[in-house]
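Q: These protein sequence lines map, in sequence, to chains A and B. Quick note on numbering: the first sequence equals residues 0 to 384 in numbering that gives the first Met the number 0. Quick note on numbering: the second sequence equals residues 0 to 311 in numbering that gives the first Met the number 0.
These are calculated hints, taken from the structure and not from any lab test. Just so we're clear, the structure is a prediction, and the values are computed from it rather than from any experiment.
Some chain A residues judged to face chain B by a derived CB distance under 10 Å, without partners named:
(1) MET0
(2) THR1
(3) ALA4
(4) ALA8
(5) HIS226
(6) ALA228
(7) VAL230
(8) ALA384
Derived list of chain B stretches under chain A, where covered just means 3 residues or more per stretch with a C-beta under 8 Å from a C-beta of chain A:
(9) 76-85
(10) 101-113
A few chain B positions that, by computed beta-carbon distances, are all more than 10 Å from chain A:
(11) GLY128
(12) SER136
(13) ARG182
The beta-carbon is built from N, C-alpha and C at its ideal position, and this holds for glycine as well.
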Amino acid sequence: MTVLAIAQASLRRLARDRTALFFLIVLPVVVIVIVGATVRGFSTWKVGVVDLGAGSAGRTLVTALEDTPGIAVSPYPNAKALTKAIARGELNTGVVLPEGMAAAEQAGRTVSVGVVVERANTSMQAAATAVGAVVQAEGARVQAAQFATRQAGGTFTANLSLAKDLEGHLARVEVRTVQAQANASILPEGFSYSAPTELVLFVFLSAIAGGAAIIETRRLGLYERIHAAPVRAGGIIVGEAITYLAIALGQSLLIVAVGALAFGVSWGDPVAAALLLVIWSLVGAGAGMLAGTLFKTPEQAGAIGPVTGIGFGMLGGCMWPLAIVSPVMRDIGHATPHAWAVDAWTALLARGGTVVTILPDLAVLAAFAAGFLVLATLRLRRVLA
Amino acid sequence: MGEDLLRCDGLRRTFGGRVAVDDVSLHVAAGEIYGLLGPNGAGKTTTIKMICGLLDPDAGSVSVGGRSVERELAVRMLIGYVPQDVALYPDLTARENLGFLGRLYHLRGRELSARVDEALELTDLQSRGGDRVDSFSGGMKRRLNIAAGLLHHPRLLVLDEPTVGVDPQSRHAILERVAEFRRRGMAVLYTTHYMEEAERVCDRVGIIDHGRLIAEGTRRELVDRLGQKDRIELSAEGDLDALAAACRSVAGVEAASVSDGAVQIVVGDGRRLLPEVIEAAEHAGVPVRSVDVVEPDLEAVFLHLTGTALRE
Ligand SMILES: Nc1ncnc2c1ncn2[C@@H]1O[C@H](COP(=O)(O)OP(=O)(O)O)[C@@H](O)[C@H]1O
Ligand SMILES: [Mg+2]
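Isolated chain B (complex conformation) (with noise of 0.2 Å):
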């Protein structure tokens, strides 16, 4: 991998007295996709805006390609900024959004509409590049406000929650633009509060909770930290509360929450520990209606730093 493109050091941000975002490091390499997951609200748009210079940090620096976020202007031209919103204007077509947003990074002339059609392209949009932005679907906007981000060739690109709300189809199309934009170089930060993208995209991932960067790794780093740790999830009826309880009095169970509908555990070994926890569902007065034991994963990860899951 290359050299760190995008380099955060102790980024802080309050608002108000609140802590948004606690002293955050991260460094992102060209080529390379780094995820940044999270729950809602833990300070992931935060960290972005600091970084892409529309905030500023209370505390802490961000450099792209060496230079300073914060101080040069010009800098701006490095990054390629996917906003967690669509910001796009509903009553002018693609080509005119994209048109319009490509002369601010000082494109014009032919090379501007070569580059707003590598744009439509790249997104799959090119046949709908003349029609109104308010006459696309959802994933159609999702992905316009993708292209939008990419006109001007960004060494970095940022991407924030570019999935959400976004129907399957679309969701792979883009996950699969964004490795390809891995495979030409740019560096890519990406934040999702979905496991499963983060852990199939991102080459490293950063979890981020209540502001703070509670660890950092690749997906094996991040399981192997856990230990051979499984996850039994228990789907019940009745006080989930009182079977999440019952269940971490079992000796060997090292956490137990409510999440979705189910009991999460985390337990060092899933199958020797599995008629205990069962056992104690029964003594809850709880009965279980189906069980499922699972792999370390991310989610398991989550669980195991902050004992709470991260889906809510």
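Here chain A stands alone, though its shape is the one from the complex (with noise of 0.2 Å):
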């Protein structure tokens, strides 16, 4: 009873505030309508191919883009146009098709095929990924030869001599590759992609920006008063936990809700998603507690909080799909309980996948929420003491 008291005080003063209500419930619906219509709105991606000599193989592949629905493929001389292009914003992304392609594969030798992208827009990533998939396809690897055109500072032609640099890359980059699984290893686009997303990285992220309660409630010598008594530390800490997950679950369930109803999200085989949405808000719970006994002060939370959110989720694959990064990036991706999350609902929405598919994630999602529960238990106990 003193345990439901205390997640029932530590609730009802989050209701009545504003700020956190606006992250928690306005925020994530506001980004999940703006990027699910902005991946939706290309109906059509337009995509420049410079080939350098590939031969038959390239014809076919072009063939096949020209092929698939809402690609539009138009020719350019040379990388340097069509970088020039895609720094202009009049291609979504481009390809470029090696020489010699076509005696490579007739040799069963590795083709490496550039996929160019603006590394900071989110369309053209998600272009790039839907011609990565016809690429792959048609047997052929990817390199996402990315290059970032500064939004902010940079000149135009300073971009233009990243594009010059880019030009001599393309030959020698090895390491950015796609694995060949075809469209298997991306999110559908539109609000199938962002709604999934955004909810790992809203919950996470809400989380640990609410982990400043524990630290105002332990400023405000609350904890205290509640110990003085008969209340255990132990009862204070799952009290808490029971607040964070009510959080997290609410949440998910708004977004959940929100996606289904109102821009049609499948959200997949509904015994896994259950089990994904209850453990990725155990992970958030934990989080969230741990983030209250690592930081000093709500303002701290506050703006920690969020960037480290916000970073866990790009590195984790929930700004664009991992499966355009380099496998080091991939690799340390996977170091946040993100990308699992993602790698999960991937599974279970562009695979059809169930339980047994998302099973290995979720045992690693649950080793997570186990890790940071249990350190936060740690450490909210010597606060208590």
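The task is to assemble the complex, starting from two chains supplied on their own in separate frames and drawing on the hints.
A: Encoded structure:
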């Protein structure tokens, strides 16, 4: 009972906190709408192709691209012209077909096809993934040679020189390859892409920003007062865990409901999706409580929390598919729980996966949740002692 | 007076090698107000936290109603703890705060709301129950802080400096209420660094300094320990430390120290020694502005015992 009283008081306070409610409820919905609309908005992706002498294999690939609905192909004489067009926003993405592609394919060697995208642009990332999927379906390997056109500050000349650099790089870059798994490694475009990844992003982000509540309760002397009542430290910790779990689950359900009802997102196998939601909420609850014991002031949690949350989200594939980053970055990304959650959602939504399919991801996520919760408990116990 | 409700024996607590509380033993009976009087940093809060089970003592033991606070969680039902700093949720109403804290003491339903009403009434806040705490004045927050310690009808009420930063009116109201709790048979442990408060409401006073309980008794007992000692207060302009030193050299002066822009002097007989003290002051070259001879009180006791004034 006392445990529920603690959770109830925390939730009641949250309900009065307009800022927190904005970040918990309004922001995720708005972001899902914007990202979903942007990514879906490209009914036709404009793809530029540079043929450096790929021969028949290149022509087959171009035909395949042309036959793909939603992709319009136009030829470019060289990589410089291509990257320039991308920098100007005339193209969504570009493909560079290497010299001797047909011969290499016949000899059974791996062929690398460059896919050029602007790193900072989400819709280009999505276009690149779609193109990558077609290329992979044709049996070639893809190198996504990325460069960032600086959104602010960078001059066009600087961007052009970046583009020139890229020309030299295209022939050498060997690392950035996409596993030949066809389109199964990316989420569908549109709201079905934005809703699950925003769920992963926001539930975690809100939870660690919400760590501020624990710091505040501590600073207000409330833990001490609660502790003066016949309540064990364990009771306080369980009360807080219930609070954070309730917030994470509530936000998850909101995003699922908004996604399904307003934007027709299919969330895949219901049992698997529910399990994934609950385990992800536990990950969030643990991380939030841990944040509450690591940060010193509520302001710190409010400032560092979102940055950490967004950073993890970027690394973990919430902003763009990990399928388009280098293997090294993909490995680094999998140090965050986000990557495992996005993998699981991809398996559920793009490949029609079930509980069995995502069991390994769930196990890893459960381990993350347990780790966070145990650490948070140990640290909270120290704080409460 | 009833039997001892609170007993502390040999309480000791250090923080990283620094001794905060050293060998404190005290007891408080039902219907008794015990004042723990001492300057800031003397160890009052640390003592209270050990009594309320919030801090484990390095040595010693605490029992309330004959049961060990350290070993039995349920003993906390007997204790009402009012922390030194207001510990309430600012964004909840007074009633919501009390409702929450009452539930921690296993109160619920109709009983809980009756207790909340009662606690609000006891602290003259009945008309503000529905208002958020962050809309309260400092004095009202303090009163609500006390109300929160009364909900579960504790037998021992522990108040840690409940009047700090409170306007005189609220302060008066709080002291009145504390006296009322005594009439109801509660044992009250009350810490303060205000000597007047300790003199006014407490049946017995313990004087604590540098973590040690250096004297204990009723006001009368403590004052009598001084013999018939008086206190001379010299207000002056100039080098007060030199003035204090000059006064100390006067035969019959037992202690002299600087506080509040004045020199406090403990003497056997104030009036007899006054001319010599003034003369010493003139010799020291510090012109005296006003002179006050005070009958012995707890301030003088503290000064006598520690050689320093209570108020810094
Ligand atoms: N948590 C703590 N960590 C380190 N030192 C502490 C802590 N709490 C109290 N102290 C020290 O113990 C001494 C007594 O403090 P306290 O009990 O708060 O005094 P009082 O309540 O009489 O003002 C002080 O020197 C204080 O600095
Ligand atoms: Mg104190």
